[in-house]
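Peer 1: For the record, in the sequence shown the residue sitting at position 246 is 246 according to UniProt numbering, with numbers rising by one throughout.
These aren't lab readings, by the way, just hints derived from the structure by calculation.
One or more of the hints may lead you astray.
Derived lysine-lysine pairs resembling DSSO-like cross-links, with alpha carbons at most 30 Å apart [stated by the list, open to error]:
| hint | residue 1 | residue 2 |
| --- | --- | --- |
| 1 | K124 | K214 |
| 2 | K278 | K258 |
| 3 | K296 | K318 |
| 4 | K348 | K329 |
| 5 | K318 | K338 |
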Amino acid sequence: MDPHGEDLPPPPKAMAMRPYPNQPDRLSSLPDVLLITILSLLPTRVAACTSILSHRFRHLWKACDNVDLGIDCKSSSFKDMAKDALLIRDPLTPLPRLCLHVGNPLSSPNTDLPASFFSSLLVKAHELGLRHLTLWGAHRGLGSIISTIFSIGSLETLKLPTIAEIPPQTSLPAVLTLTHLKCLFLTYVYANSAEFNRLLSQLPSLEDLDIQIKFTEVFTLSSQTIRKLHLFVADSSPYAKFVALSIPSLEVLCLERKTIGGSLPLPRIEGIMPVLSKAVIILDGLPNGAASAVAKLLNCVSNAEELSLDISEGWMEKDPFPVLLEPGKDVPDFRNLKHLDVSMCFHKHNLKSIVALLHHSPALESLKLVHEAPKSYAFLTNQRKSDDWGSKLPTNAAGNHSYTHLTNLHLDQNREEFMKLVDKKMSFLAYE
């Protein structure tokens, strides 16, 4: 059993006794500071089990600078563990990191613990100088727990990866004290843009935002401080139709829109990101006609020096079509682009779009193109013509068309040779 009564698996026979009794115990020779660092890498329940090793180890785990209180134990054991790791912790031993599982009302044994208990843990962690907090799960009293979190002024990182939404009954302070918060990870369902932007406006140090939105048709995001944004637009009904980003300090953008099979229109995305240096765009399930929305998105990130695109058509599409650019329309100018990485189905329409982008990327130094076979339902696979959906990339050094990887394109000779090759390829495809 562990120190709090939980059954543990029996030790392997090889570990039952030391095979060489005279061999020195190197673990015990390590200083306490190093042992505590090692124990901090383990879940708290596992680290606590080392207390049975010797008198020296009895209290070492209580000094770990990372407490991870999981839901894999009975509520009584969880409460005892939390008491030892947090509530009676030496006030001279700071606690910079806490991962707290508050449970799931449908299955977790911890939900019989009142919300006030979890709030008391957070208050104590605040007194110990908590800087990084991750909160998992759900609880019937989540509103009061969230209210406590937003009063922890020492926080620098806050991750709420499984919180579907901030409950309407949550009483947030009129003026937030999270003046040191730099990183926020939030799953936000039924996003109210005005309320969310009010929240962001009171986070003067926020630089890194990771947010998932769904069940909303219009979403706007405005911030003067955010430098890194990961925006996940979830597959939902109603789906997002318009996303507006006004983030003048943004340097890195990762935007994802994924669907569960089928096709889903891409929302119209507009953005003000004048100092953007890197963009990662992941889009799948694009229907015929999505090129207009994709082109507008590319215009938003045209200042980037690094651009990564992972794009795929919807599973129900029978014939290939352009997904990057609208035929006959203006092509975005990527005057700063140095590195381009594209993964998609390189049928002739998409190859033509990439060639057009290359002609509008005068500073390009490296290029990586990877052909990805389109996904499809089994009953549609035989209806697609393999020649139409096959890779039209130029033959590479390995003798196939699956990828192209080139460097030093900023050298005039290398660039001219490659552009001649792709232009020749496009001329050939025009006669097919």
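Peer 1: Each hint should be assessed against the structure and marked as holding or not.
Peer 2: Tested hints:
As the CA atoms of K124 and K214 are separated by approximately 34 Å, the hinted pair breaks the 30 Å bound. Proposed proximity of K278 and K258 is supported: the alpha carbons are some 20 Å apart, at most 30 Å. Proposed proximity of K296 and K318 is supported: the alpha carbons are some 25 Å apart, at most 30 Å. At roughly 17 Å between alpha-carbon atoms, K348 and K329 fall within 30 Å of each other, so this suggested pair holds.
Annotation: proposed proximity of K318 to K338 is violated, straight-line Cα distance about 35 Å (limit 30 Å).
Violated hints for the displayed structure, listed by number in ascending order: 1, 5.
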